[in-house]
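Line by line, the protein sequences are chains A and B. Under this note's numbering, the first residue of the first sequence carries the number 1, and numbering increases by one thereafter. Under this note's numbering, the first residue of the second sequence carries the number 223, and numbering increases by one thereafter.
Simulated from the structure, these hints should not be mistaken for laboratory data. Small disclaimer: the values here were computed from a predicted structure and weren't measured. It is possible that part of the hints are untrue.
[Claimed, not checked] Below, a list of computed lysine-lysine pairs in the DSBU-like style, where the Cα atoms sit at most 35 Å apart:
#	chain 1	residue 1	chain 2	residue 2
1	B	K453	B	K315
2	A	K12	B	K458
3	B	K315	B	K454
4	A	K12	B	K280
5	A	K82	B	K321
6	A	K12	B	K422
One letter stands for each residue in the lines below.
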Amino acid sequence: MNFVAPLLLSLKLSSVTTLLLIVLGVPFAYWLVFTRFRWKFLVESVVALPLVLPPTVLGFYLLMVIGGNSFIGQWYEAIFNKPLAFSFQGLVLGSFLYSLPFAVQPIQTAFSSVDKKLLEASWSLGRSNVYTFFRVILPLSRHGIITGCVLSFAHTLGEFGVILMIGGNIPGVTRVASVAIYDEVQSLNYGSANMYAAILLSFSFIILAAVYFINRRFVRTL
Amino acid sequence: MEKITGYGLLTVFILIFGFSLPVQAGDNILIAAASNLRFAMHEICQDFREENSSIQTKVSYGSSGNFFAQIKQGAPFDIFFSADATYPELLEKEGLTAKETQKVYAVGKIVLWVPKVSKVEPYKGLQTVTFSEVKKLAIANPRHAPYGRAAEESLRYYGLWEKVKGKLIYGENISQTAQFVHTGAADAGIVALSLAISPKMSHEGRYWLIPEESHSDIEQIYVVLKKGEEKKSIRKFLNFIKGEKGGSILSRYGFVIPDNGDNRS
Chain A
1 MNFVAPLLLS
11 LKLSSVTTLL
21 LIVLGVPFAY
31 WLVFTRFRWK
41 FLVESVVALP
51 LVLPPTVLGF
61 YLLMVIGGNS
71 FIGQWYEAIF
81 NKPLAFSFQG
91 LVLGSFLYSL
101 PFAVQPIQTA
111 FSSVDKKLLE
121 ASWSLGRSNV
131 YTFFRVILPL
141 SRHGIITGCV
151 LSFAHTLGEF
161 GVILMIGGNI
171 PGVTRVASVA
181 IYDEVQSLNY
191 GSANMYAAIL
201 LSFSFIILAA
211 VYFINRRFVR
221 TL
Chain B
223 MEKITGYGLL
233 TVFILIFGFS
243 LPVQAGDNIL
253 IAAASNLRFA
263 MHEICQDFRE
273 ENSSIQTKVS
283 YGSSGNFFAQ
293 IKQGAPFDIF
303 FSADATYPEL
313 LEKEGLTAKE
323 TQKVYAVGKI
333 VLWVPKVSKV
343 EPYKGLQTVT
353 FSEVKKLAIA
363 NPRHAPYGRA
373 AEESLRYYGL
383 WEKVKGKLIY
393 GENISQTAQF
403 VHTGAADAGI
413 VALSLAISPK
423 MSHEGRYWLI
433 PEESHSDIEQ
443 IYVVLKKGEE
453 KKSIRKFLNF
463 IKGEKGGSIL
473 SRYGFVIPDN
483 GDNRS
């Protein structure tokens, strides 16, 4: 068994998921902060769901939605000539939903904590929304964006239940590090299970330490 | 804002398409194997690769019922080594298999296994599981693991099921069940003989072969799936398993190899 492959797969999954989450999460968080949409609280509840849902609930419904018997699953297979469930792309979709609150919430908090007076100043000086966003909101929210990045990366790295349900345990395709631990334990290879576990543990610790370090520095510069 | 959303969507599509490009691995066999094969299949694949270095075998292990569900949902396996005859049959009915490829490749056995340190003497028979030393008895989940079903049948056959029901812990598949006893989380377990005599377990405990009349035959059947129908490497792999080398590995792991020509469809 290739020891490194699951780790690389985990890194790849976390990177792709984080990238997607930031690219889509930033405009989405912006919308959440500035919209006057009546039912915004419902949208926010949906985003926060993965925080409280058992991963198996998400995994089950995802499998129903993207599996080979569903409309979406068949549509995807017709276009790409391979199933979405039990594929890397399926995992990206699952991880995206599962880590959504970890990206959106810190960014949303950061956006909404930007002083409204600064925005009004920018607007009244004739700057557009886009200019204001890039030159005022974004720079003032960088800690929130970094936190969102780091947390969604770490959360995806630690994902297990959703991946096992929608990805199975296919070597090189969906066997990420967290699933590899499960597999190694069942193979009675406690040594390599321990290696994976120790790597994930240290990595998670380093990531969280980095988040707290960044936030501490941010508070100080206020 | 529209501009940003536009770029965002563009990036997403590029990413999705980029990762969707078919990674054409020429001779890759994706195998779903019942987890009683965990150690035997590993050896088979190693030996097979020595002869066919151009063919890559990738094996996932799990309970047969779980694989059945996954294959129905479109899991991309080429061949499925089930621990029973039922699931390949059901897959055939669903039209997910290549025609006339079902074959019995091994007949399995179950054993009562206890860790080395245990005071329980498994040789005294299955009723030892009712002793007070056995606080937890591990079996595979009978709902989707054929070896769990066999364990339940044997316990019922000896009239022990009702007595041990409260002690049972269920492994998701037979190798998780073995892991439960191996780690001492359970005091005894009903596991596959193929796991009990694997190098990992044989030095760590003792076992007693559960008489075969107490459960229905564990006829293990493989079936080639639609996804693997066209692959030439599959034929090579199956010939290897049915051949002398594959057969000798399987019998070394305690499987009974059926006579050739027992094709099912």
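These are the hints, each one checked on the structure:
For the proposed pair B/K453 and B/K315, the alpha carbon gap of about 22 Å is at most 35 Å, so the pair holds. Taking the CA atoms of A/K12 and B/K458, the gap is near 33 Å; set against the 35 Å cutoff, the hint holds. Using a Cα cut-off of 35 Å, the hinted pair B/K315 and B/K454 holds, with the two alpha carbons roughly 24 Å apart. Taking the CA atoms of A/K12 and B/K280, the gap is near 20 Å; set against the 35 Å cutoff, the hint holds.
This hinted pair checks out: A/K82 and B/K321 have alpha carbons roughly 21 Å apart, not beyond 35 Å. The suggested pairing of A/K12 with B/K422 holds, with an alpha-carbon distance near 32 Å, which does not exceed 35 Å.
Of the numbered hints listed earlier, not one is contradicted by the structure.
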